[in-house]
Amino acid sequence: MFAQIEITEPIDRIIDDWDYLSDKVVAHFSTFKEAGHNILGLRRRMIAASSMNDPKKGNISRVLELNASGFEERHHDALSLRVTAAGNPHRVMHNFGYWHINDKDELYLPIPAEFADQLGYYVVIMGTPKGSEIDSFAWYCEKCETLLHDHVIETSKIGLAGFWKGERQAVNGYNADINLRTCPECNHVNPLAYCWNKAKDTPAEAQSRLCW
Amino acid sequence: MDASVAKYLIPLKASNSALGEWRVTHDYLIWTECRRAEEAPLVLWERYKDGVVRIPDGGSMLHIIHAGMPHHIERLFGYWRSCECDILWLRVQREGLVHHAMILGGSADVASENRLLWVCPQCAATVKSVGLPSQKQNPRDFWRCESAAIEEFNSDAGIRTCGACGFTHPSGYAFRKVPAEEAQSGVWW
Chain W
1 MFAQIEITEP IDRIIDDWDY LSDKVVAHFS TFKEAGHNIL GLRRRMIAAS
51 SMNDPKKGNI SRVLELNASG FEERHHDALS LRVTAAGNPH RVMHNFGYWH
101 INDKDELYLP IPAEFADQLG YYVVIMGTPK GSEIDSFAWY CEKCETLLHD
151 HVIETSKIGL AGFWKGERQA VNGYNADINL RTCPECNHVN PLAYCWNKAK
201 DTPAEAQSRL CW
Chain X
1 MDASVAKYLI PLKASNSALG EWRVTHDYLI WTECRRAEEA PLVLWERYKD
51 GVVRIPDGGS MLHIIHAGMP HHIERLFGYW RSCECDILWL RVQREGLVHH
101 AMILGGSADV ASENRLLWVC PQCAATVKSV GLPSQKQNPR DFWRCESAAI
151 EEFNSDAGIR TCGACGFTHP SGYAFRKVPA EEAQSGVWW
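Those protein sequence lines, which keep their order, are chains W and X. Take the first sequence: its position 183, counted from the start at 1, is 183 in this note's numbering, and no numbers get skipped. Take the second sequence: its position 153, counted from the start at 1, is 153 in this note's numbering, and no numbers get skipped.
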């Protein structure tokens, strides 16, 4: 139908990053990066029907959300978009050691590899925070779900670089004060926090990552 | 957010409903689909200043259709559309099936216009262009206006005739409503 008006140059010369699953693009999105109106994270992981293994972090299949009925476990289903609604506290065990609360919906899509010995793709999509939208790093008592502490950053103003700096500050602040980790309701002392980037774990944080 | 999204999982699966599976979240409008690999592919086209570009449709890919970019998806809708927000177009081929997701949305300060248009296949001029309401904010009006625009376009060969080169554009068709005769012939757009 469009043969007469089709531009036949190689597509790479016309559109930068036309395929976000290509190796050269994925490499730039291993953390998070803005792409148009969204922030994307593109990870290469071992993805099975309902489990996921990160080459560095191991099994990170257990996703938790906190809702009106308490902690609730979610599952990864290959080739299903999972939605964490804006405002829902959520965390991934052994992946980041805090509850993340943000003002944007987050979408997650595990794409299994074509062949068993290959890594699949894990696609994370969320809107770019605008206006006065924020992120929170929060901790709830693992025994009784009481809110222990939260650290709020204005991601809309400080951007993604500020997000990672804020994450480190939040984790450092929480870990430095045992009173923050001690539940005022049940006296349980909760484990140390840790950041998303495993390479930045202190030895104590690395131990904690193994636990929760 | 609708009830199915409240269950948090949106499978990229086949659907028998007229428009396919559309889901709404706070920030996104999500359409999902799954076809057999041997079926004719859904081919994404984008319109640039000097002509149109076919986005390669083999294997798996994730492409961003930027807000305001006129685009057409062959065998999915018989018109070009420019959307108020970015669209993520995902195609994943696995085990004889092709899974699709079209994810509309993102940041809140989106201001681009939502339009439906037809592009002349002979000279790339705009044959006809119609403004549409926001699909996310007002889906019922969006689909009503989509149908009305197609009906008007198809009703009059004069409207379908390119003012620049005189070519008469083929009829349009609504979302997921490829005419049966075209589907059977294997020749469609």
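A hint or two may mislead.
Each computed BS3-like pair below joins lysine-lysine, with the alpha-carbon atoms no more than 30 Å apart [what the hints assert, rightly or not]:
id : chain 1 : residue 1 : chain 2 : residue 2
1  : W       : LYS33     : W       : LYS56
2  : W       : LYS57     : W       : LYS165
3  : W       : LYS24     : X       : LYS177
4  : X       : LYS49     : X       : LYS136
5  : W       : LYS130    : W       : LYS157
6  : X       : LYS136    : W       : LYS157
7  : X       : LYS177    : W       : LYS33
8  : W       : LYS198    : W       : LYS157
9  : X       : LYS13     : W       : LYS165
10 : W       : LYS130    : X       : LYS136
11 : W       : LYS57     : X       : LYS49
12 : X       : LYS49     : W       : LYS24
13 : W       : LYS57     : W       : LYS33
14 : X       : LYS49     : X       : LYS177
If you want the footprint, here are the derived chain W segments under chain X, 3+ residues with CB under 8 Å [claimed, not checked]:
id : region
15 : 91-102
16 : 125-134
17 : 142-150
18 : 160-171
19 : 184-191
Example chain X residues on the side facing chain W (calculated, C-beta under 7 Å, incomplete) [what the hints assert, rightly or not]:
id : residue
20 : SER60
21 : MET69
22 : ALA124
It should be emphasised that the hints constitute simulated quantities derived from the structure, not laboratory data. Think of the CB as a built atom: it goes at the ideal place given N, C-alpha and C, for glycine as much as any other residue.
Going down the list of hints, with the structure as the test:
1. W/LYS33 - W/LYS56: It holds: about 20 Å lies between the C-alpha atoms, which stays within 30 Å.
2. W/LYS57 - W/LYS165: holds (21 Å)
3. W/LYS24 - X/LYS177: Answer violated: W/LYS24 to X/LYS177 is near 37 Å, above 30 Å.
4. X/LYS49 - X/LYS136: holds (28 Å)
5. W/LYS130 - W/LYS157: Holds, because 8 Å separates the two Cα atoms, which is no more than 30 Å.
6. X/LYS136 - W/LYS157: holds (26 Å)
7. X/LYS177 - W/LYS33: It is violated: about 37 Å lies between the C-alpha atoms, which goes past 30 Å.
8. W/LYS198 - W/LYS157: Distance of about 26 Å is within 30 Å: holds.
9. X/LYS13 - W/LYS165: The given pair, whose Cα atoms are some 39 Å apart, is violated under the 30 Å limit.
10. W/LYS130 - X/LYS136: holds (19 Å)
11. W/LYS57 - X/LYS49: violated (46 Å)
12. X/LYS49 - W/LYS24: holds (26 Å)
13. W/LYS57 - W/LYS33: OK: W/LYS57 and W/LYS33 at ~21 Å, within 30 Å.
14. X/LYS49 - X/LYS177: holds (29 Å)
15. 91-102: violated (count 0)
16. 125-134: Satisfied; 8 residues make the cut.
17. 142-150: Per the Cβ count (0), the hint is violated.
18. 160-171: violated (count 0)
19. 184-191: Since 0 is below three, the answer is violated.
20. SER60: X/SER60 check passes; min Cβ-Cβ to chain W is 6 Å, inside 7 Å.
21. MET69: violated (10 Å)
22. ALA124: holds (4 Å)
Hints 3, 7, 9, 11, 15, 17, 18, 19, 21 from the list above are not met by this structure, while the remaining hints are.
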